[in-house]
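Using the hints, position chain P with the ligands against chain X.
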Amino acid sequence: MTGAQMIVEALKREGVEVIFGYPGGAVIDIYDELYKTPEIKHVLVRHEQGAAHAADGYARSTGKVGVCLVTSGPGATNTVTGIATAYMDSIPVVILTGQVPTRLIGNDAFQEVDITGITRPCTKHNFLVKRTEDLPWVLKAAFHIARTGRPGPVLVDLPKDVQQGKAEFHWPEEIRLRSYQPVYDPHPRQVERAYRLLESSTRPVVLVGGGVIASGAHEELLELAERLHLPVTMTLMGLGGFPGTHPQSLGMLGMHGTYYANMAVANSDLILAVGARFDDRVTGKVDAFAPMAKIIHIDIDPTSIQKNVRVDVPIVGDCKRALEKLLQIVKEVGRPEKIWREQFKDWWEQIEIWKKRYPLTYKQDPEYIKPQFVIEKLYELTRGEAIVATEVGQNQMWTAQYYKFDRPRTLITSGGLGTMGFGFPAAIGAQMGNPGKLVIDVAGDGSIQMNIQEMATAMEQGLPIKVIILNNGYLGMVRQWQELFYERRYSAVKFQVLPDFVKLAEAYGALGLRATRPEEVEPVLKQALESDRLTLVDIHIAPEEGVFPMVPAGRATTEMILV
Amino acid sequence: MAEKKHTLSVLVENTPGALARIAGLFSGRGFNIDSLCVAETLDPTLSHLTLVTRGDELIIEQIIKQLRRLIDVYKVVDVTEEEEFVEREMALIKVRAEKETRAEVLRMCDIFRCKVVDVSPRTYTIEVTGPQSKLQAVIELLKPIGIKEIVRTGLIAMKREKKSV
Ligand SMILES: Cc1ncc(C[n+]2csc(CCOP(=O)(O)OP(=O)(O)O)c2C)c(N)n1
Ligand SMILES: [Mg+2]
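In order, the protein sequences belong to chains X and P.
Residue numbers 1 to 563, in my numbering, belong to the letters of the first sequence in order.
Residue numbers 1001 to 1165, in my numbering, belong to the letters of the second sequence in order.
Chain X with its partners taken away, still in its complex shape (with noise of 0.2 Å):
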C-alpha cells in the first residue's frame, strides 16, 4: 500500500466519517485516494482556519474525534488557532498536515514550514511520520491520545515522500504507550473523604466545569445534586453539563456569572468542583476567592489540581468515574434525603434571598432592540432545543446568560482562547455531525466577518444553520472594557464600514433577514427559524448595551457591577 492509501486506510479503522479540509500540493496524495474512497466525507472549506474550527465544532458537538487535513506550509500555519482554541477547551481534535520530502526538510523548501515545532505549545502532541510503515502505528496513536485521558489537538506532520512510499499495512488494535497512561479510577480513599466533607458541610455549592461534558458525567451529577440538595453553578465550558432549568442552578458562575453564583461561591464552606480548572475568569482575584471554603476536586489532568487554587480533596480520575464512585457511597451510607435537606435549609435561605435581590436582568426598551431579549426569545423559539454556537464578545456572554443550556454538548463556544470566528465554522462541523437538528451560531458584527467566507462552505454543503447577528456596530465587548475601564476612550472599537448583511448573505445564495425594531425580532427569529437553508440574521440591536453583572478582572467575584 502507499503511504497516502495507510493513511485514508487507518482514518476508515478509525470510523472517521467526515474530514474538514483544503488541498494544496504536499496533500495532493492523499486527496486522490480520499477521491476513491466515498464512505469518508470531505468538506471544502474556504479557508484552513474554518476547516479547524469545522473540526473542533464536530468534536464537541458529537463526542467524536474531528478530522482536519491541510497542506504544508500556509496551509498548516492558517489552522495553528483553530488548535490552540481545541487545545484551551480539551477537545480531541486529530490534524494532518503535508510537509514537503523528508530529504528537503530543514532546507527552507517552497512551502516548508516546521509545524510540529510551530505547535508543540498548543497540541496535546504531535508527530512527524519519518517512514511509511511507521503510518498506521502513529495514526492510531493520535487518535488514541486526542480522545483519552484529558483530550486535546494531536497534530501528524505528513512528508510528501512518506505519503508516496509503500509499506505494508499493519493496523495495531490496541495500542498502549508506557510514558502516556491516564488514570481514570479515582483513589477511593479520596472520594471517601470527599464524602465526609459533604456530609459535614453546611454551605456546599457543586462547580461543574467542562470536564463534566467531555467525561460524559452530567447524569451522575445530576442525580448527585438532587440527592444531596446540593446548589449548582457552571463555568462558560460547564454549561449544558446540568440542566440551566433546573432549580438547583445558580446558573454561570465568574466575570459575567450570576450574582447569585458568585455570592453562593464566596460564602460557601465546601466547593466540589468537577472538571473544572478555576480559570482567572472564573476565580477574580484568587487570593479573595472562596475564603472559607474547603475544595474538593475531581479533574482527569492532574496538573489542573493545586495550579491555582489550594486543593483539600484532589481527586485524580475521570469525572463520570469519580462522580460513580460517590453516589455509591451515598447510597450505602443512606442518609436520607430530609438530612441533607434540613443540612442545607438556611443555605438555601439565603442563596434565595440572593436570587430576589439581584436576579439575571435587564431593562427592556421600546426603541432599541436589547440582544437580551433576542436571547431570550431564541430560546423560546427554540425550545431550548437547539445547538448554539457562539463567536466571542457580549454575543457570548449574552448567549451564555440567557439561554439555558439543558443538555451538554449543546454549548458551541471558544472559552479558555476566546477566538472570534470560531463559531460559525464550529456550526458547520457541529451540522455536519448532526444533520437533522437545529444548529445556530450566535455571532457578533466583528466575530462573524472574521470566518464570513465559510457561507460558501456552509451553501455548498446545504446546511441550513441559522446565523444571528448581534449587530452593534462595535467591537462591543472591547468598547464595554473602554466605557467602564478607560473612561469611555473609544479607541478602534467602532467600525466606520460593515457590509449590508444581509446583501451578502444574498451575494451567498443565502436567505438574508434584518430586525432593527423591538417588534421585528419575534417574527423575523420565527422566519430564520422556518427557512430550510443557511440563514442570516442582521439584528440591530442597542449599540452600548453592556454585558452584567461584571466582575472587573482582577478583583474579587463579590465586587460585582450590576447594571
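Honestly, I wouldn't trust all of these hints.
[What the hints assert, rightly or not] List of simulated lysine-lysine pairs, DSBU-like, C-alpha gap at most 35 Å:
id, chain 1, residue 1, chain 2, residue 2
1, P, Lys1065, X, Lys285
2, P, Lys1075, X, Lys294
3, P, Lys1065, X, Lys64
4, X, Lys285, P, Lys1004
5, P, Lys1094, P, Lys1159
6, P, Lys1094, P, Lys1148
[Said to hold, decoys possible] Take a look, some chain X residues computed to stay more than 12 Å from chain P by CB distance:
id, residue
7, Gln449
8, Arg517
9, Gly546
These aren't lab readings, by the way, just hints derived from the structure by calculation.
Note that CB positions come from ideal geometry on N, CA and C, so glycine has one too.
Below, chain P with the ligands without anything else, positioned relative to chain X:
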C-alpha cells in the same frame, strides 16, 4: 513559601521532539532551569535527563506534574525529596598559570583532587568533579589567580541504595 533548589531525574522517550517539548514547557510556563543534562540510558529507547530547577513547593509540584503530563515523559523523580542521593558535576577550568602562580595552582589541584588535563605556557586546564559545593570552592579559590574560561556539565544525581536491611 520558600524557594528551594530541586534536582529532578527524568526518563523520556528517545524521540526527536522530546527535549524540545521539555525546554518549551519551562520557557512557556515561566519555570527556571538552572541546568540540564541529557544522555542515553542502558535502554536505547529512553533518555535520561537531570534537571535542576528552583521554586516554592507549589511551583515544583506544578513542574513535576507538567513534566509527567508530556506524552513522551516516562518517569519523573524529585531526587531532592529522596532521603539520600549522590550529586556530581564536572567542570573544566582554564586558569592563568604564570611562573609565579603555577605551583600554587598545582597545590590547589592536589588539595581538591583535581586533574590537570591540558598545559600551555600560560595556562593550565583543570578537571574538577564533585558536588556543586566543591566546584564552587575551587572556582572561588582560583578566581584571584585568574580564570580564563570555564565549562560545566550541569548536575547529575542518583538516589543512594538503602544500606540497612
Ligand atoms: C481573534 C480575536 N481577536 C481579538 C479579540 C479581542 N476581542 C474580544 S471580544 C472583541 C469584540 C468582538 O466584537 P463582536 O464580534 O462585534 O462582538 P460583540 O462583543 O460586539 O458582541 C474583541 C475584539 C478576540 N477575542 N479574538
Ligand atoms: Mg459587535
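Hint check: lysine 1065/P vs lysine 64/X, CA-CA at most 35 Å. Holds or violated? holds (27 Å)
Against chain P, does glycine 546/X keep a CB gap of more than 12 Å to every residue? Correct as stated: the minimum Cβ-Cβ distance to chain P is 34 Å, above 12 Å.
Does lysine 1094/P pair with lysine 1159/P here, judged by a C-alpha cut-off of 35 Å? holds (32 Å)
Chain P versus glutamine 449/X - minimum CB to CB distance exceeding 12 Å, so not interface: holds (31 Å)
Is lysine 1065/P within 35 Å of lysine 285/X, Cα to Cα? holds (24 Å)
Hey, lysine 1094/P versus lysine 1148/P, does the alpha-carbon distance stay inside 35 Å? holds (5 Å)
Would the pair lysine 285/X and lysine 1004/P pass a check requiring their Cα atoms to be no farther apart than 35 Å? holds (26 Å)
Interface exclusion of arginine 517/X relative to chain P, criterion Cβ beyond 12 Å: Consistent with the label, arginine 517/X stays out of reach of chain P, its closest Cβ about 50 Å off (over 12 Å).
Between the alpha carbons of lysine 1075/P and lysine 294/X, is the straight-line distance 35 Å or under? holds (31 Å)
Violated hints: none; the structure is consistent with every hint.
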